[in-house]
Amino acid sequence: EPEVTQTPSHQVTQMGQEVILRCVPISNHLYFYWYRQILGQKVEFLVSFYNNEISEKSEIFDDQFSVERPDGSNFTLKIRSTKLEDSAMYFCASSGGLAGYNEQFFGPGTRLTVL
Amino acid sequence: AQSVAQPEDQVNVAEGNPLTVKCTYSVSGNPYLFWYVQYPNRGLQFLLKYITGDNLVKGSYGFEAEFNKSQTSFHLKKPSALVSDSALYFCAVRGNNNAGNMLTFGGGTRLMVKP
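From first to last, the protein sequence lines stand for chains A and B. Counted the way my numbering counts, the first sequence spans residues -12 to 102. Counted the way my numbering counts, the second sequence spans residues 24 to 138.
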């Protein structure tokens, strides 16, 4: 069964450093997303991406964040200058088709620890 | 703005007994509702969704959920709980006028099924 994959599973970085989190969505999906879950808190939407552009973003997704689909398979989240409060589990998701009622399939997550 | 409330942090049930995990929502327009399950150190797994039609929706692993428009609820149910159902359950909503397909999650409910 096709699944969303994410690398790395765990990333440790120093405050102020840039990190890139990588995701491979399900191959025939058209919508891509990033969510995050700070330890003990709810899953929060960051950004959605369709047709090579951001379709929606939350207040969390400020200028420090960017997303890119550099080729036909990868979808990346870049945090330009990490802060302590960026420590969280980051989930990539994808959904098929244009209809919003399609369920989103989530990857296993990347745990980001900012020291 | 859309929101989801899961009023119980934890639900305890004995194996073989029926279980209910509660969810209420607030959204503009008609809702698309989803339940996801998260096992330790894993991503979110889709269980079921309500889009339109029958208020009782059946999903994976014997779970079902009942949509109640007047009470704005979408409670997750299972007639007979298994120890292996122990996990963290998230309810999520998306409005049908949301261009970016953003999902808003509840805070999660930990289900503990005891033998």
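To be clear, the hints were calculated from the coordinates, so they are not data collected in a lab. Take these hints with a grain of salt, some might be off.
[Said to hold, decoys possible] Now the stretches of chain A that chain B is said to cover, found in silico as 3 or more residues with beta-carbon under 8 Å: (1) 0 to 14; (2) 23 to 35; (3) 92 to 100.
For each residue, glycine too, the CB sits at the ideal point set by N, CA and C.
Status of the hints after comparison with the structure:
1. Restraint check on the stretch 0 to 14 of chain A versus chain B: 0 residues with Cβ-Cβ distances below 8 Å, three needed, restraint violated.
2. Counting residues of the stretch 23 to 35 of chain A whose CB falls under 8 Å from any CB of chain B gives 6; the rule of at least 3 is met.
3. Coverage of a stretch by a chain is defined here by at least three residues with a beta carbon nearer than 8 Å to that chain's beta carbons; for the stretch 92 to 100 of chain A and chain B the count is 5, and the condition holds.
The structure is inconsistent with hint 1 alone, although it conforms to all the rest.
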